[in-house]
Amino acid sequence: MTALAALENADMTTDRIAVRRRSVSRPLLYGALVLCALLTMLPFVWVISGSLRSLDEIRSDPGAWVPQHLTFDNFERLFTTEGFGRFLVNSVVVAVMVVAGNIVAASAAGYALAKLDFAGRRIAFAAVMGAMMMPLTSVFVTQFVITVDLGLADTLTGVALPSVALPLSVFIMRQYAMSIPDELLEAARIDGAGEFRIFFGIFLPLAGPAVATITIMSFLSSWNNFLWPLIVAQSMSSYTLPVGLAATSQATAHVTDYGLLLAGAIVVMLPVLVLFLFLQRYFVQGVAGTGMR
Amino acid sequence: MTVTVLQKAPRRTRRPRGARRTAVGWLFLAPFTVVFLVYTAIPTVAALGFSLTDLRGADLRHPFAVDFTGLDNYLRLFQDQSFLRDILNTAVFVAVGVPLTMGIGLALALALNSGIRRLRGVFRTVFFAPVVTNVVAVALIWQYAFNAGGTVNKTLGAVGFAGPNWLDDPNLTMPVVILLGVWRNFGIAMVLFLAGLQAIPQNVYEAASLDGAGRWRQLRHITLPLLRPTTLMVSVLLTVFYLQVFDEPYLLTNGGPLGSTESVALYTYHQFGAGEFGMSSAASFVTLVLVMLVSAVQFRLLRPRT
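As you go down the protein sequences, you meet chains A and B in turn. Going by the working numbering, the first residue of the first sequence is number 1, and it counts up by one from there. Going by the working numbering, the first residue of the second sequence is number 1, and it counts up by one from there.
Read the hints as simulated data drawn from the structure, not as lab findings. By construction, the Cβ of each residue, glycine as well, lies at the ideal position given by its N, Cα and C atoms. Treat each hint with caution, since some may be false.
To be verified - Across the chosen pairs, the derived CB separations fall in these ranges:
{"#": "1", "chain 1": "B", "residue 1": "156", "chain 2": "A", "residue 2": "150", "range": "50 to 56 Å"}
{"#": "2", "chain 1": "A", "residue 1": "120", "chain 2": "B", "residue 2": "224", "range": "38 to 44 Å"}
{"#": "3", "chain 1": "A", "residue 1": "76", "chain 2": "B", "residue 2": "202", "range": "53 to 59 Å"}
{"#": "4", "chain 1": "A", "residue 1": "79", "chain 2": "B", "residue 2": "118", "range": "40 to 46 Å"}
{"#": "5", "chain 1": "B", "residue 1": "157", "chain 2": "A", "residue 2": "45", "range": "14 to 20 Å"}
{"#": "6", "chain 1": "B", "residue 1": "88", "chain 2": "A", "residue 2": "186", "range": "53 to 59 Å"}
{"#": "7", "chain 1": "A", "residue 1": "154", "chain 2": "B", "residue 2": "202", "range": "55 to 61 Å"}
The whole structure should be built from the sequences, with the hints applied where relevant.
In structure tokens:
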């Protein structure tokens, strides 16, 4: 808030303003924010602490805040006996397919919607907007029937395919392409460059920021997707991490093996949280620019 | 569901739209269009068709055993007490979850936008982090913390309260499920409100200060009115989110106990699981109509006034 700083250094009249602007006491505000931050962090504290406790310890005292003896046994069991290695690989494979598909499909579609003039463009854009609003819960039954018909039930391709051209990605690329001046493309057109040369040679090299946002957003949606992989993946060989974790939770319900499940929760959450810490700007831009996750 | 104010494509100088231009345009659009047709357009039409039949999971191999049953599924749906209960549950989720998510998001956005500098980035990171978490993982954390002997009750016990059995009491499950939804979504509301707040020009506040308006009056008479488009958009966005709520109740309680947390989407899923594809499609269409109604309202309200 540079405006505030400027005000505070100004003359008497504005001094009064500065005082007014500070009428909410600073320590109180910080106190409240710190409290909210601690409450927000609680689930992270619980998951870390719980994942490091042994089954016996959780049984004898389920509600303890801190482990008495640290153990990494839960993480080891995930990968040795619960098949999380496979789920992890599956999640990565699906995410790679989804991200690659989105970069290709959305770059091309977003560019065409913003920069090419052709019959049917308005209809195509309406389709993008409509698809963005379509609730998955309304179409999953028929999507599943189609997936079965295509012979893709219980395959990773079947899990990834509906997400390889997310309307959200097209929308992000279209909005970005709108900000690139037409003159740049016109000049190349006058020089006789074809539409594909213009797209690959001029537009794509400029589209880095949008590609980055699309990569992050489609990765996030693929990694955290639950309902669709739950429906398509029917055997452990095609479970993604969230589905595998939910299945493990159901399979161990009779023993309530929380340590194991919380270790699984960490494995599921950690990659995205680490990415988020480093690339926060893109996550926030992606969500703030579209209101979607 | 998108919320950005739409930029209109600039009208270019009229130029003949030759067949070649059209072909090139659609070639660029081809990958998106194919996926859109196969996974959005056709399923939507087909879902409407399915909802008018007695299609069952077992019929997938015997398509000719399926009968057209007209509006039977819809009639059955609205006579099904559990479906009506689920509509009510979903309405409660929206009616409580939306204001709560927005209130927290707005309060935090105001706090972070009040001129503080120290730790501002840290706070924003912390408050946004739940948005990128995985719902399956978080639901397990919730079960761990809210089970009868869990951390929450142990802590309540330490200060003299006997904690209830959060996930087994039909009166308490809904609040716990809503809390999970709110925790994962308030960060979205916060960043949208922050963006809205930052779009308000500073000099409006300076003028108000000179006129002697205090903080509270500035908030009531400047900030909130100028934030109205953002407020509207966030409310519609969250309403559409929560109308489709599935993950949270499915994972935390699977709709129980006694159906106290079953949402419409979860009903759809349970019908699907029971092989009742026709009923499931009819229920999903009810969600679709609700979402479309809310979206239509959104487009009406958000259309820039000219």
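Which hint numbers does the structure go against, in order from smallest to largest? none
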